[in-house]
Each structure stands twice: as structure tokens, then as C-alpha cells.
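A.B. asks: Sequence:
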Amino acid sequence: MNPADLPNPTDGFVLTHFLVVSDQDRSREFYHSVFDGQVVRERDPVILKVSNSWIILNVGGGPTDDKPTVTLTTPVDPNRTSAFMNVRVADIAKAYKEWSARGANFLTEPKDHGVEIRAYIRDPDGHLIEVGQLTGQN
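Read in my numbering, the sequence shown has 48 at position 48, and its numbers run on one by one without any break.
Heads up, a few of these hints could be off.
What the hints assert, rightly or not - Derived lysine to aspartate or glutamate pairs resembling DMTMM-like cross-links, with alpha carbons at most 20 Å apart:
| hint | residue 1 | residue 2 |
| --- | --- | --- |
| 1 | Lys49 | Asp5 |
| 2 | Lys97 | Glu116 |
| 3 | Lys94 | Asp125 |
| 4 | Lys94 | Asp36 |
Just so you know, these hints were derived from the structure itself, not from any lab.
Quick caveat, the model's predicted, so the values are computed rather than measured.
Build out the structure end to end from the sequences listed, making use of the hints.
C.D. replies: And the structure:
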């Protein structure tokens, strides 16, 4: 691992996405395969650079001294969520075809909603990922 590859800014900040996963190896392979994520750290936690963003994958756990009432867990019900990743693409038809071939399971084919065309993927733990293409139409 090259320390220069880590999301460690020398000025300002970097926004990362932290996901609680049940199996770091399985999730690392999913994000590496589907999104061409560059594995920067193999595990504990897994760190991937995905396009112009970062994803950190780690197992859940109980409260710690800096979050004394919080337990981290994978989604209890993948059909109920309060947050999801949003991935904007230049060509959703191309992304749908390529990512499906790489193992992404889309909930539906891309749907046109006027200002955007979008579809959703679930990762191996049920985290929801929106894939969308802006159309410029209102």
C-alpha cells in the first residue's frame, strides 16, 4: 500500500463513503469488479478508490468511546433505507450493460424520468446504489 494513495488530504477534506459489510473480501471483489475500484487496502478496513471517490468497507460492531450509543450493522431490511450512494454516469445504457456483465444485479432496467434516466443496484449486503444519467430535459 502506498500512503500517497490513501484518502488523506494535505489541505481541505476528502469525502468518503463508509459501508458496513458482512464479508470484506466479497464486498471488496464486488466494488473492484463492478466499478473498477482500485484496491488501496485489502482489509480491516478495505479501502478502494472508485473513479473520483473513495469507499471504505468494514465489518460492523458495537459502541466505541467516540460513538458510545451507536452500533454499526449491515442493512436490516434492504427495502427500507435512509441513504444510498448515487453514481452519475455519462451513458447509462453502456453502464447497465457493462456492469450487469460484471455481476451487478439491477433492480430494473434503466427508467426514463424526464430529467434523468436511472436504475438501482444492491451490493452484496443490500446497500442501495443509484445509477443515473442526467438528460437535461425538464
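A.B. asks: Is lysine 94 close enough to aspartate 125, meaning Cα to Cα at most 20 Å?
C.D. replies: violated, 25 Å
A.B. asks: Hinted pair, alpha-carbon criterion (20 Å max): lysine 97, glutamate 116. Please report holds or violated.
C.D. replies: Satisfied, since the Cα-Cα distance of roughly 18 Å is no more than 20 Å.
A.B. asks: Taken at face value, is the distance from the CA of aspartate 36 to the CA of lysine 94 at most 20 Å?
C.D. replies: Holds. Lysine 94 to aspartate 36 sits at ~15 Å (cutoff 20 Å).
A.B. asks: Are the Cα atoms of lysine 49 and aspartate 5 separated by 20 Å or less?
C.D. replies: holds, 8 Å
Hint compliance for this structure: hint 3 alone is broken.
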